[in-house]
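J.: Here's the letter readout for the chains.
There are 4 protein chains.
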Amino acid sequence: MDQIQTPQAVHFGADDLPFVDIGDGSLLKVLHVRIGEGLWIIENIFQAGYEVQKHRHTGPVFGYTTSGAWKYKEYDYVNRAGSFLYEPAGSEHTLQCVEDNTRVWFQMYGANINLNANGEVDMVVDGMLTLNYYYAICEQQGLPRPKVLVES
Amino acid sequence: MDQIQTPQAVHFGADDLPFVDIGDGSLLKVLHVRIGEGLWIIENIFQAGYEVQKHRHTGPVFGYTTSGAWKYKEYDYVNRAGSFLYEPAGSEHTLQCVEDNTRVWFQMYGANINLNANGEVDMVVDGMLTLNYYYAICEQQGLPRPKVLVES
Amino acid sequence: MDQIQTPQAVHFGADDLPFVDIGDGSLLKVLHVRIGEGLWIIENIFQAGYEVQKHRHTGPVFGYTTSGAWKYKEYDYVNRAGSFLYEPAGSEHTLQCVEDNTRVWFQMYGANINLNANGEVDMVVDGMLTLNYYYAICEQQGLPRPKVLVES
Amino acid sequence: MDQIQTPQAVHFGADDLPFVDIGDGSLLKVLHVRIGEGLWIIENIFQAGYEVQKHRHTGPVFGYTTSGAWKYKEYDYVNRAGSFLYEPAGSEHTLQCVEDNTRVWFQMYGANINLNANGEVDMVVDGMLTLNYYYAICEQQGLPRPKVLVES
Numbered sequence: 006m007d008q009i010q011t012p013q014a015v016h017f018g019a020d021d022l023p024f025v026d027i028g029d030g031s032l033l034k035v036l037h038v039r040i041g042e043g044l045w046i047i048e049n050i051f052q053a054g055y056e057v058q059k060h061r062h063t064g065p066v067f068g069y070t071t072s073g074a075w076k077y078k079e080y081d082y083v084n085r086a087g088s089f090l091y092e093p094a095g096s097e098h099t100l101q102c103v104e105d106n107t108r109v110w111f112q113m114y115g116a117n118i119n120l121n122a123n124g125e126v127d128m129v130v131d132g133m134l135t136l137n138y139y140y141a142i143c144e145q146q147g148l149p150r151p152k153v154l155v156e157s
Numbered sequence: 006m007d008q009i010q011t012p013q014a015v016h017f018g019a020d021d022l023p024f025v026d027i028g029d030g031s032l033l034k035v036l037h038v039r040i041g042e043g044l045w046i047i048e049n050i051f052q053a054g055y056e057v058q059k060h061r062h063t064g065p066v067f068g069y070t071t072s073g074a075w076k077y078k079e080y081d082y083v084n085r086a087g088s089f090l091y092e093p094a095g096s097e098h099t100l101q102c103v104e105d106n107t108r109v110w111f112q113m114y115g116a117n118i119n120l121n122a123n124g125e126v127d128m129v130v131d132g133m134l135t136l137n138y139y140y141a142i143c144e145q146q147g148l149p150r151p152k153v154l155v156e157s
Numbered sequence: 006m007d008q009i010q011t012p013q014a015v016h017f018g019a020d021d022l023p024f025v026d027i028g029d030g031s032l033l034k035v036l037h038v039r040i041g042e043g044l045w046i047i048e049n050i051f052q053a054g055y056e057v058q059k060h061r062h063t064g065p066v067f068g069y070t071t072s073g074a075w076k077y078k079e080y081d082y083v084n085r086a087g088s089f090l091y092e093p094a095g096s097e098h099t100l101q102c103v104e105d106n107t108r109v110w111f112q113m114y115g116a117n118i119n120l121n122a123n124g125e126v127d128m129v130v131d132g133m134l135t136l137n138y139y140y141a142i143c144e145q146q147g148l149p150r151p152k153v154l155v156e157s
Numbered sequence: 006m007d008q009i010q011t012p013q014a015v016h017f018g019a020d021d022l023p024f025v026d027i028g029d030g031s032l033l034k035v036l037h038v039r040i041g042e043g044l045w046i047i048e049n050i051f052q053a054g055y056e057v058q059k060h061r062h063t064g065p066v067f068g069y070t071t072s073g074a075w076k077y078k079e080y081d082y083v084n085r086a087g088s089f090l091y092e093p094a095g096s097e098h099t100l101q102c103v104e105d106n107t108r109v110w111f112q113m114y115g116a117n118i119n120l121n122a123n124g125e126v127d128m129v130v131d132g133m134l135t136l137n138y139y140y141a142i143c144e145q146q147g148l149p150r151p152k153v154l155v156e157s
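Protein chains in written order, with my numbering: chain A, 6 to 157; chain B, 6 to 157; chain C, 6 to 157; chain D, 6 to 157.
One or more hints might be untrue.
Treat identical chains as interchangeable: a pair holds within one or across any two.
Pairs of lysine to aspartate or glutamate residues, derived as EDC-like cross-links and limited to a Cα-Cα distance of at most 20 Å, are as follows [said to hold, decoys possible]:
1) 78 x 56
2) 76 x 125
3) 76 x 21
4) 59 x 125
5) 76 x 20
6) 78 x 20
7) 78 x 144
8) 59 x 127
Since the hints were made in silico from the structure, they are not lab data.
Start from the sequences and build out the full structure, keeping to the hints where you can.
T.: Here is the structure:
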């Protein structure tokens, strides 16, 4: 009988997947999406002044910062090289990049519920949407489809 | 030195938490919420004709049916006693109860993004909202606050 | 460009997968395994006197009981029809079935670390092992390979 | 009625928690443990030659490397600054540090099942064990108990 085989680790080196521009020189790379689980892992390089609209998370998010500086407008602490950030499901905040070349991995479960100034839902951003966006930008730039680790 | 102690299982018998009415005799009980993880576990008793607006899940949902019959309008299969349903993150559907006294446990991660007829977001329903709603209905009915297992 | 498509729910009716005998008339069915996540969902029908060796869980386990009676030797409470049980990672206990035809779904993350009388590890039981065991028993009984929902 | 409040993100700067020596100048810091979920997040600084015994994971592990070089003996690829590694539940390997000051965050679910040369279980290492070990070393060194984010 065929048995299910032992799974193996999957490695991405720093240059194995391309970054794409998401505005004014800020960059995005999608590394891993487990669709059914709602898991998406991305890496960003933000430039000073880049903002992510106020949003609420529907699952936990874990941020690992390796250079630069970024913060949430609502809080004083600043994420710098070596910072670890835990964002529980239900937390809300507005991301603001403080220094150029701010580099962060985000391991995210669930969706970002983007909120307008009245606290109403503007948009829901999740792993599938972000993955399809990443694929589309790569295609526009004439890049081959990046070998993101996509699992059901 | 104080060590972190071994955790223990938590049991809820069938009658340990009250059901509250969520309309026309359909009932809700909230058993377990892990806020930061986005986990919420509820039990429903639906009456025939009860509907849950079309929604998209941001995390996986697991449904365990123990009596009656319910389905998604978009699909043919019917959940009956003994049915197991896996709803991956990103799946969309409209719940419809077919028989009275349809009883289901739902183990849910993330939020329900309720969608109107144009596919726009009407409302986001998550574990905290549902827990606070459950507490409020219990209070309105003069019941003591139910001892839901709520963890950060 | 091909986009990743919207995932859909997967339904198993009560009779869609076979139960196999795991000793003295106690039965096992494997419904869903997500290998990389360490998730496995099974259904058991235990007969009175059936025991599962003392074990420690490495991830959370959620038990949904629909008939009969079972307990952990170390605790007084009894799981009956309608009981919900949360077993956090790190919890330890010895399962004992009290009544015939005790039916339970277990949604499990991680492995069972089986412990002998000295508290030493006897065996590690996880979703892949259980799935391969289930496949093997089905094959021995001349059943076609059951269509368990197995995902990476 | 008291409502459950909105949770907030928790930030650890690079120097908010101490590293402790785990042998020959290799270092460990424990950042976050969610006991019931089996989640533990640590940061290591390994020195060349440091090894972690062959082990199998019972849940998924995510490795984020920020300096130096390390590998699994069983595979050729090398984790360097900017590497992302996904280790699915069930994967097995022997960690070997190749360069001094190799710095890695590991976000881990479940336990490491340490295996001896015969493939037998030597030891099970999980988040609680590692947390208690970290606390004990800190105490031995006269450090105050570090404010690890520990949640049930």
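J.: Next, verify each hint and record whether it holds.
T.: Here's how the hints hold up against the structure:
Within a single copy, residue 78 and residue 56 get their C-alpha atoms as close as 10 Å, which meets the 20 Å cut-off; across copies the closest is 40 Å, which misses it. Taking the shortest Cα distances, residue 76 and residue 125 never come within 20 Å of each other, neither inside one copy (23 Å) nor across copies (31 Å). Only between protomers do residue 76 and residue 21 lie at most 20 Å apart by alpha-carbon distance; the minimum there is 17 Å, versus 28 Å within a single protomer. For the identical chains of this complex, residue 59 and residue 125 are neighbours both inside a copy (11 Å) and across copies (19 Å), given an alpha-carbon limit of 20 Å.
In this homomeric assembly, residue 76 and residue 20 come within 20 Å of each other (Cα to Cα) only across copies, at 17 Å, whereas the closest approach inside a single copy is 26 Å. When the C-alpha separation of residue 78 and residue 20 is checked against a cutoff of 20 Å, the pair qualifies neither within a copy, at 31 Å, nor between copies, at 22 Å. For a Cα distance limit of 20 Å, the shortest separation of residue 78 from residue 144 qualifies neither inside one copy, at 34 Å, nor across copies, at 36 Å. Taking CA atoms no more than 20 Å apart as the test, residue 59 paired with residue 127 passes in both settings, with 10 Å inside one copy and 18 Å between copies.
Hints 2, 6, 7 from the earlier list are contradicted by this structure; the remaining hints agree with it.
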